[in-house]
Amino acid sequence: MATPVIELKNVSRKFISAQGQVTLALREMSLIVNEGDFCAIVGPTGCGKSTTLGMITGLSPPSTGSVKVFGKPVTGIDPNIGFVFQADAVFPWKNVIDNISVGPIYRGKGTKMAKDMAAEWVRRVGLSGFEHHYPHQLSGGMRKRVALAQTFINEPKILLMDEPFAALDVQTRALMQEELLGLWSEKKASVVFVTHDIEEAIALADRVVVLTRGPGSVKSSYEIPLARPRDVSEARYSDQFVHLSKQIWFDLKGEVQI
Amino acid sequence: MNSLTSTSGNPLASAEELAAIAKAVNRQRLVIFLRIALMVVTLTSWESAVRYELIDPFFFSQPSAIYEQLDVWLTEGTAQGPLWSELLVTMEETVIGFLIGSVLGIFCGIALGRNKLAGDVFSIYIKVGNAIPRVVLGSIFIIMFGLGMASKVALAVVMVFFVVFGNAFQGVREADRNLIANAYILGASKRQVTFTVVFPSALSWILASLHVSFGFALVGAVVGEFLGARHGIGLLISTAQGTFNAAGVFASIIVLAVVALIAEYLLTALEDKLLKWRPAQFVEHGM
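Chains A and B, in that order, are what the protein sequence lines are.
For the first sequence, the residue numbers in this note's numbering are 1 to 258.
For the second sequence, the residue numbers in this note's numbering are 1 to 287.
Chain B with its partners taken away, still in its complex shape (with noise of 0.2 Å):
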């Protein structure tokens, strides 16, 4: 019965694909559906929790209360000056941190990985510094860079790096050995290969590292602003911590959580662009 089947958009599509057709759409409004009944029923819940008084608003805030202090940030400013301002401060330390920190952990992660020898030595030194709980170097970066910006960039390199740096070297030495030996009967010298097949073999792994160390760039200045700063989202939620005002907190979580949304969107973008010549099962991102 080929004759009657037909690709799908095409007028005479048989009414077995309309319906799986159908069907698919309909699962997909479901899931929208669903997704956006489970947030109205949570923060129906937590509104209606304060109100009845089930819960403190002094410990947990409530809806409303945050989207006062949005509203008051937004239009008004915080008490350190306009939103914006700060909400770029913070920006600014992550993007910078995240450059940095990858770019250092991309060209140490093949450097090692490619240098036999020098990966040996230097694996156990990188294993110490990973495992020292990096968040803690904050202190030394204070003291050492003072209150400005440079302590905060300085702790979302160190975040960033290890991660990067990780995943960079893991995927030199997971490139594919036939690949390596083909280029050089090709005629390849050693920088050819590590250029072009080394670099694209641990490609993958580098961009999916760049996924989780966004948000460790993000942490690294978010807490080096709670250690001491002058600007930035990390002193508004210490501040708000301060006076005990707990939309305060949630409203720049909110902030930051929008923030971090956004890069991994442009993230995703990126890593879909380089590496197109991926089967398609591996880029799909299950949204």
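Excised from the complex, chain A in its bound form (with noise of 0.2 Å):
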């Protein structure tokens, strides 16, 4: 078999405060993510989803345990991840096509070529006539395309995305959760997707892996069966998804109870 594109085995992860105190976020939490598997993690409030991602960017390394992206022990920042924020993480003093362009301009493109790039992005993801515009002057949904474009533009093979869409309104997560598919399918990276919407995980994802409540571990996986490509909006009634839903719910539950 081969080998799996991002590895966690036996992670923990352990914050310490400037006053000595010791919050444990993670405990023996494995993981693994095969090539363009699509991995959505849904858990309670604090029980680690962040730090995991945050482990496999290299941004901040585990107390113990190892974690593997294509198969070598994470150093620093592996220039394949992408990674979508939660907040605005779009930078407000850079209009639309100057966001978008960063990565590559970071990564030593020159200025040209990198403006080209997105210039193609900002097309594809449905932005054209507002290349100038600057982020205040944008809807929500719109930022978040923005950072989409920012993300994909640099063609990452790990696509990390920490609850992307949970500060948007109802139907335009919806569009953005299409919209998301149809640039995943175009290039098939690996997702891993933290969410604490299980419907949101169910209708994206391949695998939805359940946390148990912080200090978090592994507490149970579903294989999603649904078809591709889905329709997000009509997938979430059928059956075999209202079927999926209640067990996760069910598996959550206990978790979120106190």
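Below, a sample of chain B positions facing chain A; criterion: calculated Cβ distance under 10 Å:
hint	residue
1	L179
2	A183
3	I185
4	L186
5	A188
6	V197
7	P200
8	S201
9	W277
10	P279
Straight line, CA to CA, 20 Å or less: simulated SDA-like cross-link-like pairs of lysine to any residue:
hint	chain 1	residue 1	chain 2	residue 2
11	A	K94	B	R278
12	A	K68	A	G58
13	B	K190	A	S60
Okay, the calculated bits of chain A under chain B, using three or more residues with CB under 8 Å as the criterion:
hint	segment
14	76–87
15	100–114
Read the hints as simulated data drawn from the structure, not as lab findings.
Remember, it's a predicted structure, so these values are computed and weren't measured experimentally.
Just so it is clear, CB atoms sit at the ideal spot from N, CA and C, and this is done for glycine as well.
With the hints as a guide, bring the two chains together.
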């Protein structure tokens, strides 16, 4: 079998505050993501979902255990990784085209070439005509499109998403989910998608991993057999979907109840 | 009734819209009228209080005397030379001090803000430096650099430096963690993060400090001239003080105020240009 793209083995993560207080965010967590997999992680608040993503990027190393990306231990930020944040992380002082072209520019491509690439992505995420708008002039959904284009332009092989659509209204969220699946199906990156929304997890992913309450570890894992390409708005009414959603909710309920 | 309402500027604007526009225009006229009225009332009462001997012009001067003083300075020049050249000396000291102080402040603020260890080590000394009433350094600078321009520039520099440094440092520390993480993941080096994320984040803090610190630079230059100088508005004030010429002091204050207002206007224009990406409500200056 091929090496998994992401492999977390018995990973624990402690946070030590300046006052010397120790918080355990993750405990003996193991997770494997294979090439082209769309893996969603759901779990109660404070169970270490975002911490998991931070360890895969290399921004925050694990306290014990090993994190491997493409079979190699993580030592720094891997250039194959793309990350979409929950909060707005587009640069407010750059207009749409400049925001999208920063990735290639940081990576040493010429400004001219980066701008050409960005222009193509502006079109792909449906922002034509807004090239010279600043983020504050755009709606929440449009800013999210900028963030997606900004990440996808680097053609990441691993895409990490930390509740990217949590701040959007229901209709925009559904649209953005469709859009994400469309963009993903072209490149087939491996995705780890953190969310607290069970339906979003099922609608998007091949596999849904449920974490226990903090300090988190994997409680259960569900294969999602829904056919692709999926119509997100249609899929959620099928019996299969409802059944899975009940099962996962039942699992999660045990963890959120106090 | 959407079809009847239209945007402003349209000749078919509804009566309601016209009324609203008229109201806004009237309000603005009222504000301008009241501003002028307030000035006229203040100056007239001052002048008449002196004429009717309610206050002593020896201490308080009077608007007409101040006007005459300004007129004399403009047409015949001051005792030290033409008013323009005196003002030019003070402005040169102020602007050079302001530029050196703000560049140093921005540079040190960003360098220490980006380097946690250096920041922790130096922060205590910056606090100590900031606690010194910096005007008193003027005496040291006169001894060190003499009566010429250098001592005034040095005083203006230290006046400006701490304000700009403090804001730049704070601005760097307040830079959004998410934006920095995003830049690193998108492929930025530490240097690129400093220049393309941290500096623009801190820019609104830095520009805010420049408004205050230009005034500080002016204070530094004028106080330096008080302490000992051959030219400048500060010397003009201290000469007027020495001859109990209250009108001369007031006239100098007016000259300085005009300069400070012009500088404020220019800095605001610069700020609006550099920060055009900000939402409009933050850019308005309540004029």
